[in-house]
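Here is what each chain is made of, one letter per residue.
Protein chains: 2
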Amino acid sequence: MKKYTEMSREELLAEQSAVKAQYDAYKAEGLSLNMARGKPSKEQEKVSLPVLDVLNSKSDFSNDENVDVLNYGNLEGLKECRMFYSDLLGADPDKIIIGGNSSLSLMFDYIMQCYAKGASEETEPWILQGDVKFLCPVPGYDRHFGILEYMGIDMINVPMTDEGPDMDVVEELVKDPMVKGMFCVPKYSNPTGCTYSDDVVRRIAAMDTAAPDFRVIWDNAYCIHDFDEHGDTLLDIINETVKAGHPERAVEFASTSKVTFSGSGISVIAANEPNYSWIKKRLVKQTIGSDKINQLRHSRYFQNFKGVHRHMMALAAIIKPHFDVVLTKFDEELDGLGIARWTKPNGGYFISLDVMEGCAQRTWDLCKEAGVTLTNCGATFPYGKDPKDENIRIAPTYPSLEELAKATDVLMTSIKLACLEKLLAA
Amino acid sequence: MKKYTEMSREELLAEQSAVKAQYDAYKAEGLSLNMARGKPSKEQEKVSLPVLDVLNSKSDFSNDENVDVLNYGNLEGLKECRMFYSDLLGADPDKIIIGGNSSLSLMFDYIMQCYAKGASEETEPWILQGDVKFLCPVPGYDRHFGILEYMGIDMINVPMTDEGPDMDVVEELVKDPMVKGMFCVPKYSNPTGCTYSDDVVRRIAAMDTAAPDFRVIWDNAYCIHDFDEHGDTLLDIINETVKAGHPERAVEFASTSKVTFSGSGISVIAANEPNYSWIKKRLVKQTIGSDKINQLRHSRYFQNFKGVHRHMMALAAIIKPHFDVVLTKFDEELDGLGIARWTKPNGGYFISLDVMEGCAQRTWDLCKEAGVTLTNCGATFPYGKDPKDENIRIAPTYPSLEELAKATDVLMTSIKLACLEKLLAA
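So the protein lines, in turn, are chains Z and S. Just add 1 to the spot in the first sequence (first one is 1) and you have this note's numbering. Just add 1 to the spot in the second sequence (first one is 1) and you have this note's numbering.
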């Protein structure tokens, strides 16, 4: 088909009438579909159920360091759990602390510590330094922005490229001493699905920042969430920052939320000195330690990297077809129209879709009217404001393949309609 | 036996020589005993093991509100869990939020919120208000003091009576607008074991505080930890503060740490408006929700108040004999000597022992020398400083009955020796 942008007014009107008929037909179906939720499907949950069989009242609870897992103690987490995460992230097990069910909490608490107590022994709490700022690669993850907004930290948009944040922009912005950090989802980024290139990781590790208390929040949420054996590879930020002479630069976070159970997994922090000790200085006041029974349950279930890889491939076999449904349809029906572009990730949970400028919210509204819920427009930007009104985050994992196919059809029709309206109004 | 304080110098010297011989004999045994740890024994752990059999991969995970417990969501916690805690605490289930494995974390995070974001929409963060202060009934719990010390909040000692904190002192101190709160362990207080009287609870709820952002941290850690059917009763602070016209006065915390597994239980916050919404405003940024599988595991296991009561009575049957060993020995050997007084709680985890002024640290040292570890002197006071050097916290649950008997013998001998030294030096 011809590009919409190259159509004559008559062609556009003819197309609009055809698309509108299609849209009305969908609307008449009385659909109720949802592509907004970045959460595992029921089918994925089933893959993890055997985790719950690992421990029962008859179990032997012995472990590497002979910790009483049924009692208090062990702030850093069980050794086998730290070893397990060391395999996954590449960081030294002695730089790792195991947390509770939520890496979001670990990030919130870490940023709160920087905010209220400072990022190090030597630096002032951010709250006492005036209007501090954070760099936010966009599109990005709304819950990251939510943490910063809660603390009143100013957010600065940084454009994402296919290789990660635009480092020319980042390197310029960090010359401002009030810029205190940056949020990164370095592998299968939420929502673009891109993985930071080695060059980008090295530039993040090596760049000069005016603020001595600048910290990168390295949310490695999708570190092992490949769609097949040929997943993207990512440099280990913890080691790279040491090599670059900035060991304090980054704090890494991950969890099993999208590995086992989204609300009942284990999470992790990895950090070099001085961050590791600084974080522990808080943690020792905040908790006696995380849930060791759940830690043992997880490490016994996975045993080693091979075990977790096998598990992730079982999940990938479920997840990838969901992505394929959306991407195949996009390729068949949207490609070449000149009204949308989208990412084709090798893992993770999202597809990032950019429609013609100014058409995202209208697309969202049309979908809603036809019974398809999308992630709120603007959610992928600080303060909920997409400056070009073009980005839509698609979460394909949760709906069934059938629902997903239908929802994608409605979405594509809505995009076309929104863009046709815009072109005709021009 | 005659009171030490009424003995002549000759009598004291004779007694010292006899006690010293006994002490040396204990020392020669090469003991290694520990009365410092306020944690459940192996025997107690066994009582809770069946909790781990409640859920497995074949389980039906349905629940009162039909929440998908294997997935994200549900910030407040499962309804059955909130109902369960509502039974325990007396608070409305809609005023309850279920947390992770640690009520300490809930308290830390709440105080951090007040510190960095304020105690309410209308009031300034404590960090921006200058040198804010907190009232600490003493002796008290070192981890409470640790939170305040971490945040640099000044701690003011308030003496404990048999009915709770000395309210005349409290009512006077809260006239200072920089006094922003008070820590309370209202039932089987750590370490005195006393339960706040109705009058004390009502005075806490009703008193006028100069600070509008004054908050009571009501750590109801031992709310159901009675030694028998005739446990102490405690007024419900959440309702009392409403009655008194100060609904914002208190935030209540509890957990199953000493009910099921110390590191793998569930915790809870209960609060009236406006605190409830203010806390949720933070929580919604900090987490997607606590571990619902563990919540379901706990609520299925207990079913109802009767279930938890049965469980607690099974634990009490193990715990009470531990307290009896210590208290019987104290009664037999220390009573009437005029050198020590101690509490006789009806529940909880601790006995508070006050020895002759200036003799606690010397007693501790003598115990250590003879192979018996006690809770560090001063741990029951802010900044680790017991102004009278008289308080020792005894934690009888963890050692075996045999170890406990021996440790108590060593302790009593050490107390006698320390006090005799002091009397002879006078």
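Just so you know, the hints here were simulated from the structure itself, not pulled from any lab data. A portion of the hints provided could be inaccurate.
[To be verified] Taking lysine-lysine and the DSS-like style, the derived pairs with C-alpha atoms no more than 30 Å apart in a straight line are: (1) Z:Lys281 to S:Lys369; (2) Z:Lys59 to S:Lys40; (3) Z:Lys286 to S:Lys47; (4) Z:Lys4 to Z:Lys40; (5) Z:Lys244 to Z:Lys176; (6) S:Lys43 to Z:Lys281; (7) S:Lys281 to Z:Lys282; (8) S:Lys307 to Z:Lys40; (9) Z:Lys40 to S:Lys281; (10) Z:Lys282 to S:Lys282; (11) S:Lys244 to Z:Lys59; (12) Z:Lys369 to S:Lys281; (13) S:Lys307 to Z:Lys286; (14) Z:Lys281 to S:Lys40; (15) S:Lys286 to Z:Lys281; (16) Z:Lys321 to S:Lys244; (17) S:Lys47 to S:Lys386; (18) Z:Lys40 to S:Lys47; (19) Z:Lys21 to Z:Lys389; (20) Z:Lys281 to S:Lys386; (21) S:Lys244 to S:Lys176; (22) Z:Lys59 to S:Lys286; (23) S:Lys282 to Z:Lys386; (24) S:Lys321 to Z:Lys281.
Since this is a predicted model, take the numbers as computed values, not measurements.
Status of the hints after comparison with the structure:
no.	hint	result
1	Z:Lys281 to S:Lys369	holds, 29 Å
2	Z:Lys59 to S:Lys40	holds, 22 Å
3	Z:Lys286 to S:Lys47	holds, 29 Å
4	Z:Lys4 to Z:Lys40	violated, 35 Å
5	Z:Lys244 to Z:Lys176	holds, 21 Å
6	S:Lys43 to Z:Lys281	holds, 28 Å
7	S:Lys281 to Z:Lys282	holds, 26 Å
8	S:Lys307 to Z:Lys40	violated, 37 Å
9	Z:Lys40 to S:Lys281	holds, 22 Å
10	Z:Lys282 to S:Lys282	holds, 26 Å
11	S:Lys244 to Z:Lys59	violated, 49 Å
12	Z:Lys369 to S:Lys281	holds, 28 Å
13	S:Lys307 to Z:Lys286	violated, 34 Å
14	Z:Lys281 to S:Lys40	holds, 22 Å
15	S:Lys286 to Z:Lys281	holds, 22 Å
16	Z:Lys321 to S:Lys244	violated, 58 Å
17	S:Lys47 to S:Lys386	violated, 37 Å
18	Z:Lys40 to S:Lys47	violated, 36 Å
19	Z:Lys21 to Z:Lys389	holds, 25 Å
20	Z:Lys281 to S:Lys386	holds, 24 Å
21	S:Lys244 to S:Lys176	holds, 21 Å
22	Z:Lys59 to S:Lys286	violated, 39 Å
23	S:Lys282 to Z:Lys386	holds, 21 Å
24	S:Lys321 to Z:Lys281	violated, 36 Å
The earlier numbered hints that this structure contradicts are 4, 8, 11, 13, 16, 17, 18, 22 and 24.
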